[in-house]
Amino acid sequence: MFLLTINRSILFAFQSLWRNIWLTLATVFIISLTFLSINFLVILNAVSDSATTTVKEKIDISIYFKQDVKESKIAEVKSHLETLPQVNQIIYYSPDQNLAEFQARHQDDILILETLRELEGNPLGATLIIKAKELDDYPEVLAAIDNPAYADLIEEKSYDDNQIVISRINSITENVRKGGFIISLLFILIAALIVFNTVRIAIFTHRSEVSIMKLVGASNGFIRSPFILENVFSGIIACLLGIGIIYIILSLIQPHLSSFFAGVDFNIIEYFNHNFVVIFGSQLIGIIILNIISSSIAVSKYLNV
Amino acid sequence: MIKLVNVTKKFDSQTVALKDINFHIEPGEFVSIVGQSGSGKTTIIRLLISEIKPDAGKIIIGGWDITDIRRRQVPMLRRQIGVVFQDFKLLPQKTVFENVAFALQTSGGTRSRIQKIVPQVLKIVDLENKLDRYPQELSGGERQRVAIARSLVHRPKILLADEPTGNLDVINSKDIIDLLIKINEFSTTVVLVTHNKDIVNSLKRRVITLEEGEVSQDQKVGKYVI
Chain A
1 MFLLTINRSI LFAFQSLWRN IWLTLATVFI ISLTFLSINF LVILNAVSDS
51 ATTTVKEKID ISIYFKQDVK ESKIAEVKSH LETLPQVNQI IYYSPDQNLA
101 EFQARHQDDI LILETLRELE GNPLGATLII KAKELDDYPE VLAAIDNPAY
151 ADLIEEKSYD DNQIVISRIN SITENVRKGG FIISLLFILI AALIVFNTVR
201 IAIFTHRSEV SIMKLVGASN GFIRSPFILE NVFSGIIACL LGIGIIYIIL
251 SLIQPHLSSF FAGVDFNIIE YFNHNFVVIF GSQLIGIIIL NIISSSIAVS
301 KYLNV
Chain B
1 MIKLVNVTKK FDSQTVALKD INFHIEPGEF VSIVGQSGSG KTTIIRLLIS
51 EIKPDAGKII IGGWDITDIR RRQVPMLRRQ IGVVFQDFKL LPQKTVFENV
101 AFALQTSGGT RSRIQKIVPQ VLKIVDLENK LDRYPQELSG GERQRVAIAR
151 SLVHRPKILL ADEPTGNLDV INSKDIIDLL IKINEFSTTV VLVTHNKDIV
201 NSLKRRVITL EEGEVSQDQK VGKYVI
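Those protein sequence lines, which keep their order, are chains A and B.
The first sequence finishes on residue 305 if you use my numbering, and the numbering steps up by one all the way, no holes.
The second sequence finishes on residue 226 if you use my numbering, and the numbering steps up by one all the way, no holes.
Worth flagging that the hints you see were computed from the coordinates, not collected in a lab.
Values in this document were obtained by computation on a predicted structure and should not be read as measured data.
Do not rely on the hints blindly, as some may be mistaken.
Here are the computed distance ranges between Cβ atoms for each label pair [what the hints assert, rightly or not]:
1. A:Phe29 / B:Asp87: 33 to 41 Å
2. A:Lys301 / B:Gly166: 31 to 39 Å
3. A:Asn7 / B:Gln136: 26 to 34 Å
4. A:Lys301 / B:Gln219: 42 to 50 Å
Cβ atoms here follow ideal geometry from the backbone N, Cα and C, with glycine treated the same way.
Produce the complete structure using the sequences and hints provided.
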């Protein structure tokens, strides 16, 4: 009998969805907008995380040693720097490696290649590329390099300070995120109100059936459930619609992201595919819960059973 | 079967709908409750189906004290009481069969039970040949018979009829009253609320007369005396 009651509640809910098709469409539309606004935040998060990681990966300190510094001395510096807790990785490039890389980089520049040939021997010294664990660790690593004992060894050091870029990305992302969060909250509130109103209108539309149901001894649960189920179905339809729209949007923005993240393995569609259940499952559950709460309040307020 | 003990119902501090009502209806009785408009007849029906609760007194139906009945128990009560109204309360988009079946569907009746019981009750009201008609394709009398059929699907021990002939002509009214008598003969207790003098007088059954919310007369074989 329980299954039979559920079956009939579902049937009545679908009938109601169909009979009030315009109301249903309005509800589905607004829930879809809510869904899209939330997913806009998810996309923004993924893109900003990836952008920040990409920029962070590009930050390092390069130490260019004087040409005559012996390899054993450089190894000593390297060993010392490796003892620092802030250092994540140090890569050593020998003078020969640097020369080969330089030549490869300028293989089309005849003038430079000619100049190199005229110079006798390798004019380049060895290099150490240092990567710190965190962005905040770089100043301390730089301070360690500034050790007077190394002053005679080091020709030059360079630190590509991408901190400004990172903080700019973070600042833009944070602002957009705040805006998106407020818009999402607004949509959630509007969706809850629309659902509430949908139930109110549905109860009004079905007042004859409801009064007859009460008269013939339908249980309160049976009278209430179609109104709640109706909005749960609207929520599910809206989510499915939203998922379709999101994938269309993702396929439209992916080419732009690919060019933005050139050389970086980042694909927003794959990100959504990989996290499909977590992203959409949690939102679907959230929307169902929102609809149940909103419908239940409307039902208890207007149905009087 | 139905017992009202010192029942009082007020709708606000000024309006006393029923005042200290006492009566006892035995199983299988056919009782008419008569009175002018506003005398409290419909309030009694609403109390009996627990649509409203009394302010004082006790209401007992089939040994069940429903005075302070819980909300979730009301459906159980209503499945034991059939009710018909003056305005039929049929769903226009449903056929005769569907209107009657609706009462069983909403209370969890299985499909096989619906297929068995609905034709039976429609046969009792003589509408077995109009299963597929819609209410708007029926006469007033036929619509009321559909409503009566619907009220019988739970095989109630009590049938409450609130002005069932109010919208009908004389011939259709007589048919409906004959049907109620027939149902009463199946040992169903029938409570007829009406202000139709001819019907009450022709019945020659018990009559409870209400005047301004009080029982003014309760006659075993009564007449409409107001």
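Status of the hints after comparison with the structure:
Between A:Phe29 and B:Asp87 the Cβ separation comes to about 38 Å, which falls inside the hinted range of 33 to 41 Å. A C-beta distance of roughly 33 Å is found between A:Lys301 and B:Gly166, which places it inside the suggested range of 31 to 39 Å. A beta carbon spacing of about 29 Å between A:Asn7 and B:Gln136 agrees with the range 26 to 34 Å that was offered as a hint. Our hint of 42 to 50 Å for A:Lys301 and B:Gln219 holds, since their Cβ atoms are close to 46 Å apart.
The structure shown violates none of the earlier numbered hints.
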